[in-house]
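S.K.: Heads up: the sequence lines are chains A and B, in that order.
Using my numbering, you'd call the opening residue of the first sequence number 1 and step up by one each time.
Using my numbering, you'd call the opening residue of the second sequence number 1001 and step up by one each time.
There could be a bad hint or two in this list.
Here's a subset of chain B near chain A, in silico, CB distances under 10 Å, partners left out [claimed, not checked]:
id: 1; residue: Val1006
id: 2; residue: Ala1155
id: 3; residue: Leu1170
Listing some non-contacts, in silico: residues in chain A with all C-beta distances to chain B over 10 Å [to be verified]:
id: 4; residue: Thr68
id: 5; residue: Leu70
id: 6; residue: Ala77
id: 7; residue: Leu78
id: 8; residue: Ile115
By construction, these hints were calculated from the structure, which means they are not laboratory data.
Don't be surprised by glycine CBs; every beta carbon is placed ideally from N, CA and C.
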Amino acid sequence: MDFSVYVVPGLLLAAAVAALYRKVDVYAALTAGAGQGLSVITRILPSLVALLSAVYMLRASGALEALTALLSPVMEALGIPPEVTALLLIRPVSGSGALAAGSDIMAQYGPDSYIGRVAAVMLGSTETTFYTVAVYFGAAGIRRTRYTIPAALTADLAGFVFSALAVRLLMGV
Amino acid sequence: MAMAWVWTAMVGISVVYGTAAGEMEDVAAAALSGAAAAVDLCLGMAGAVCLWMGVMELLERCGLARGLGRLFRPVLRRLLPRASRDEETLAALSANVSANMLGLGNAATPLGIRAARRMAYGCEGVASDELCRLVVLNTASIQLLPTTVASVRAACGSAAPFDILPAVWLASVLSVAAGLLAARCLQAVWRD
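Let the hints inform the model, and build the full structure from the sequences given.
M.R.: Rendered as structure tokens:
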């Protein structure tokens, strides 16, 4: 019996029971959140249209393949599959761009392949660094960011390397 | 504006490279099929995204965010000792971290900004070490359930969209640790 089939239904049930126990209106909360999900989708759709269009053009022109080939020695030295190069480059710059590149990789190689899983783990374990730095320091009125960007990019690089490593170690592919 | 340059560069490279490689027919078709794929993807993942946002809202209303916040107070006191002396900043910081963990980006950012503003008092536009650390913490992802990624995987036909969870947690923790370690090392050697 594979207990992993219980993860999603179990989580749903546990959340509902915990909420009932705390006298939270389960159904109202669930539908309110789902409504917000809809606005998330409508917010990412326009940028995803623009960026997937550009990613598809890059792939069709052969430029993506050339870039991948160019950087593959570096990627291989880091233990990262070269096929995720585009995702890695756009990740710190644009969240929707990363989603576009990541979904393209998952569609291309399959979501359950080694490459597809590495792309998913990279998306899940890193953030849009430059956007975050701009938003926080912009709001706080900071002009000199000192070593924030090198430190944050170190975190990104570590996230990429460890994503590939974690998939190899934990998922046995 | 950065994205304007990125997007233009992507299209420009496609056209130049596609012309040189004689692949312009494919490039032209790809522009439209990429746009169509974006709509397919959004529709394919909409159900899962909505469901998970609903579950997260439910967990939030159960007080899970508050509970997580309490759990992380001791960690934040060690990581940002000066900021944590101010009770209101600490409250914003712990709420920021717990919202990030639940993947509630819309809620996390204003909370983090509130904390960053309070921490920036008297800094005169120069980031303090603690402010650098706070931003590094926020540029690294620490999500318990990466629901958007799981929704994309589901839309692509994954057999078990959440089977990446342990790998995501491991990579996230190591990435945050590397960022904070880098900040510590750079703090020691940085000359303004």
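S.K.: Taking the hints in turn, state whether each one holds.
M.R.: Going through the hints against the structure:
| no. | hint | verdict |
| --- | --- | --- |
| 1 | Val1006 | holds (6 Å) |
| 2 | Ala1155 | holds (8 Å) |
| 3 | Leu1170 | holds (4 Å) |
| 4 | Thr68 | holds (13 Å) |
| 5 | Leu70 | holds (12 Å) |
| 6 | Ala77 | holds (17 Å) |
| 7 | Leu78 | holds (13 Å) |
| 8 | Ile115 | holds (12 Å) |
The structure is consistent with each of the numbered hints, conforming to all of them.
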